[in-house]
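Undergrad: In order, the protein sequences belong to chains A and B.
In terms of the working numbering, the first sequence has 1268 at position 153, counting the first letter as 1, and numbering is strictly consecutive.
In terms of the working numbering, the second sequence has 1313 at position 198, counting the first letter as 1, and numbering is strictly consecutive.
Take the hints with a grain of salt, since some may be wrong.
No farther apart than 27 angstroms at their CA atoms in a straight line, the calculated lysine-lysine pairs in the BS3-like style are these [stated by the list, open to error]: (1) B/LYS1170 <-> A/LYS1170; (2) B/LYS1314 <-> A/LYS1314; (3) A/LYS1170 <-> A/LYS1136; (4) B/LYS1136 <-> B/LYS1170.
According to the in silico footprint, chain B covers these stretches of chain A (three or more CB under 8 angstroms from chain B) [stated by the list, open to error]: (5) 1131-1145; (6) 1200-1209; (7) 1251-1257; (8) 1278-1288.
Keep in mind the hints are simulated off the structure, nothing from the lab.
Note that the Cβ used here is the ideal one computed from N, Cα and C, for glycine as well.
The primary structure of each chain is shown beneath.
2 protein chains.
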Amino acid sequence: MRILVTNDDGIHAEGLYRLAKAMARLGEVTVVAPLIEHSAVGHAITLTDPLRVEKVFHDGHLFGRAVNGTPADCVKLAVRMLMHEPPDLVVSGINHGANTGHNVIYSGTVSAATEGAILAIPAFAISRAWSLEPDFSPAAEIAVEVAERLLAHHLPDGVLLNVNVPAIARDEIRGFRVTEQGQGRFVETFEARVDPRGKQYFWQAGETVIPDHGETIDDTALEEGYVAITPIHFDLTARPFMAELASWGW
Amino acid sequence: MRILVTNDDGIHAEGLYRLAKAMARLGEVTVVAPLIEHSAVGHAITLTDPLRVEKVFHDGHLFGRAVNGTPADCVKLAVRMLMHEPPDLVVSGINHGANTGHNVIYSGTVSAATEGAILAIPAFAISRAWSLEPDFSPAAEIAVEVAERLLAHHLPDGVLLNVNVPAIARDEIRGFRVTEQGQGRFVETFEARVDPRGKQYFWQAGETVIPDHGETIDDTALEEGYVAITPIHFDLTARPFMAELASWGW
């Protein structure tokens, strides 16, 4: 089995290394990841600049390839150009910080897995809730469990899994929950500053607000010590509203 | 009425100018748009660099403000910092090139309107199918019609409109259709080249493939001469699959 491993925190991120090591228990791993951090790039692709690929070695062995592009670029380039045969599975992560609620749409980690689904390859994204000195090993174990279940079953066309792991020890994790994307979000504030040349600039900052709670909400599952597994798709159509919209007298 | 107008083709794009002029018939327009083109940035936001704002004048009058960030940054910054009161409507466009099918998830134009919906402001994105020498006036007229209907009705929380206009004259447009995001997509190929220093690089290229046809498909509506109006949302949960996923024995 061939497994493509990527992320958005970049080729040197610890979460990527832990994920690649864990996935190697299941098959042949190819790592293709961004050269630099690409958090909050959403589903970006690079059309106006050329893409370059660099081999990255660990202790004299090829660890993976770094691309001067986005997570989605990495998956497209890996599948179309860098791998001899397409992978059987695309895994993106382990992101440092949860990708839940509204944040899912800004997530480069999720966009890489989405690219797998677009290319009709089973795929999941895995993120671990943020903490100051993260231990990625519980999430790496969970990635193996999710991969095994994913390969034993069948995802519908265009559907992938968005997996989030709480920031607690493996034996404190209470299990898995199938969840939905909640309303948790980052509410921005902008800090206006003045640079040494007297010109104004703004830093984007803010705080996370989680307004909804309930057993099926992704952020609630994390808070209660469960791994949150949300099936997602890239069809954005708001179907329940189509009939009402059609009645607007177009 | 206050209307925020933005885009992803950048502050100097003709489509933005035409849209701002047309919207001025309905209310007070504020233009805040990216300094440079940001196509295919998806729903990116800028967290690691400071944002700067520059006033752009046309013939000695303030046209708008340019931000060294993404379309989503422009909307966040405009609403939180640059406008005295939040807008009643966010309009993003007129993009040069349709945002239909899978392309919706890569679209900076759509992401700017989505940001409006996230901030609970009625919003729509408007794009005009690509052609060599585009005439944006039909799409500008249609933007006014859509804005009027949008303000006379009510969008559900978290829903926005993605409007696509065919590349034909106003009197050839056959009307409006409420549509869904189809399976049309850009199938990438990568062209490998060698630079003057002997190093390999890749250009992303490809061609559009539209596999599905049917009255409710966005690309079909365009092909048949209709304006395609797709209601979209940013909840990516694949709800129909949740029950089956829960049966995977987690």
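Undergrad: For each hint, tell me whether it holds in the structure or not.
TA: Verification of the supplied hints:
| no. | hint | result |
| --- | --- | --- |
| 1 | B/LYS1170 <-> A/LYS1170 | violated, 43 angstroms |
| 2 | B/LYS1314 <-> A/LYS1314 | violated, 40 angstroms |
| 3 | A/LYS1170 <-> A/LYS1136 | holds, 18 angstroms |
| 4 | B/LYS1136 <-> B/LYS1170 | holds, 17 angstroms |
| 5 | 1131-1145 | violated (count 0) |
| 6 | 1200-1209 | violated (count 0) |
| 7 | 1251-1257 | violated (count 0) |
| 8 | 1278-1288 | violated (count 0) |
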